[in-house]
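Engineer: The residues making up each chain are set out below.
2 protein chains.
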Amino acid sequence: MNNFEYYTPTKVVFGKGTELETGALIQGYGCKKVLVHYGGGSVKRSGLLDRICQSLESSGIAYITLGGVVPNPHLSLVYEGIELCKKEGVDFILAVGGGSVIDSAKAIGYGVTNPGDVWDFYEKKREAEACLPVGTVLTIAAAGSEMSDSSVITKEDGWIKRGYSSNFSRPKFSVMNPELTMTLPEYQTMSGCVDIMMHTMERYLNRVDNMELTDGISEHLIRTVMKNAQILLNEPKNYEARAEVMWAGSLSHNGLTGCGTDGGDWATHQIEHELGGMFDVAHGAGLAAVWGSWARYVVSERPERFAQFAINIMGVEASGSDMETALKGIEAMENFYRSVNMPTSLKELGVEPTEDQLKEMAEKCSYWGKRTIGCVKVLDGEDIYRIYQDAK
Amino acid sequence: MNNFEYYTPTKVVFGKGTELETGALIQGYGCKKVLVHYGGGSVKRSGLLDRICQSLESSGIAYITLGGVVPNPHLSLVYEGIELCKKEGVDFILAVGGGSVIDSAKAIGYGVTNPGDVWDFYEKKREAEACLPVGTVLTIAAAGSEMSDSSVITKEDGWIKRGYSSNFSRPKFSVMNPELTMTLPEYQTMSGCVDIMMHTMERYLNRVDNMELTDGISEHLIRTVMKNAQILLNEPKNYEARAEVMWAGSLSHNGLTGCGTDGGDWATHQIEHELGGMFDVAHGAGLAAVWGSWARYVVSERPERFAQFAINIMGVEASGSDMETALKGIEAMENFYRSVNMPTSLKELGVEPTEDQLKEMAEKCSYWGKRTIGCVKVLDGEDIYRIYQDAK
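One line per chain: the protein sequences are A and B, in this order.
Each residue of the first sequence is one higher than the one before, counting from 5 in my numbering.
Each residue of the second sequence is one higher than the one before, counting from 5 in my numbering.
No lab work stands behind these hints: they were computed from the structure.
Fair warning: there could be bad hints in the mix.
Repeated chains share a single entry, so a pair holds when one copy, or any two copies, can fit it.
[Stated by the list, open to error] Each computed DMTMM-like pair below joins lysine to aspartate or glutamate, with the alpha-carbon atoms no more than 25 Å apart:
hint: 1; residue 1: K368; residue 2: E356
hint: 2; residue 1: K20; residue 2: D219
hint: 3; residue 1: K176; residue 2: E9
hint: 4; residue 1: K241; residue 2: D266
hint: 5; residue 1: K231; residue 2: D219
hint: 6; residue 1: K15; residue 2: E61
hint: 7; residue 1: K176; residue 2: D95
hint: 8; residue 1: K20; residue 2: D213
hint: 9; residue 1: K20; residue 2: E9
hint: 10; residue 1: K36; residue 2: E92
hint: 11; residue 1: K176; residue 2: E133
Next up, chain A with everything else stripped away, as it sits in the complex (with noise of 0.2 Å):
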């Protein structure tokens, strides 16, 4: 087991008809001047925006919106909220929506508190010393951000898509009705719950012995997003199935599962990222388009450590060599990423890159060769670029 710290600050309200709280929950920063962020116009047209900005104006606070953010959230609308926010003395950014307003969130929080270049950040080149607070009202549950220390940003110059962490930009506080999650399209559902899934797996899939009751936690939280996946499948609207998948999206990426690891191995994240920057494909389908191929790729470093995965998570029968369970493992994900239509290659993904495509892909995530990356097998440009060529 490894030393490691753990830090979560973000007060979590959770339940039917929190929302209602969130101008009760700013007023105790005693921010002036709030920026509303927020995506497209589904928030709008449910309703959740105007109630939203209700508890805001019985509490008093002032408020002014950014809408726009898309999915794989664009670096040229965090400049113009960090523009915005300079101008109007934005002191507290609410983000209502998914992962990617959150990121967006985050990333104009930065922005508005560093000198210089808020995408020096994602490029590594520099930390950050502050950020804005940042609120979150959450209506997708998928990416974590509303616990979670990261942040990750698309450039359309290049179409580069970065990550960056830091515990200034953990939220201040998240609400989350499982209510507000019910409409997401199927599609989405599904995708996030890979997102929630994946979040621990590159956690548990790592290089040292984690702590007993770390993987303990991690192989049922698991267990329970695949599970309620499936209930989601039929009954989307079902209460209980939607908080335990929003519940399990937080605790899946507040650090809570790596404790006393090594950190894990984020390589498909990474790979992921290239596919989201250029082809803008939903992140959990399109980890899952890739992560068996990844998993075969390295299996053969642990497999004594994917065989725990398949008898533990995935209910395999422990028969023949570690190797065998593990591998039977690996097919009972993919078996189950198909039981929620979720992709397994890049063609059912819908993409099919053209040959100089991988390859750029594959050089964008070594960062043209300076860096590498996973742990349980250390991935450079052309095992990377063959990761992508088996996943297609």
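Chain A is already provided as a structure; the job is to place chain B on it using the hints.
Structural biologist: Just chain B, lined up with the frame of chain A:
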């Protein structure tokens, strides 16, 4: 599933050698003078106090010390600490010890920042509006006070033990090195394990259908503590087992295992508090001594929930009615307590109260008829008296 709030702002720094980071951690809070609060001689004898003080000195942090905290910490020392902090201009309290020291630190923190008698909060006469920032270096895995909002203090005048909970007192950081718990005597180690288990059991055995995610985390946490308690019986210096128990102690009482519940049934804790107040027994041992009597007294109200407990935690095979399975689960838990040399009756606890003392405890516990306790079955003074009788 119920709506819930979850708020755990404590930064956890966990693992070998982490106590050396204490000075650097405190530096981040910009305080002027620290009170280093501790208990008996063990932290002195072990050299831990010296290491902590050196860490403060090398970070340029001014401090004073106040030792002498006893198990079931006394109100008189809290008053002394409050006076000392006010006189010396202390603005941060570092608790070096177990739950008693941390609870005493929190009480001092309330007393310094709120007008009037600090005991008012523990008597539920009014609410605290602030608390000095508290940090901890944990040396006993048990109370969970290192991440919780709780503090339990004993007023010597009448030997009244009362708890008070407020988010203001959640520690800013907690340093947890499992190695620091290795020299604890077996009785204290096992007593700590029972306390940790009970913090989740009291949340788990309640009146609602919890979240499945919460239930599975709770079940795994309790099983993990049981398994590692038995390892520590034979190998008290097993680092991995100490670490599992220590981290379970924090997760068990930071709110995680209560998410989506009705808050749980805290009757066993409240029944034990009177024992602790009157006879100064080890808290966890006291809980073990009365739990079985409480469980049998209330089980008929929720046999299906106790049956789930029996099957998923105690490994009992379901057979016959829920009630039969439930009773086997209670027996199995008592057998576990015995297996780690914990008492399952007052006599085994070493306490033989007179009839008058039993009545006095029941009266105190029901606030002289002014409150009931528990939710699985709501208990009045007469019920509490019968449970003490059954536990003899």
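Engineer: Any hints this thing doesn't respect? Which numbers, in order?
Structural biologist: none
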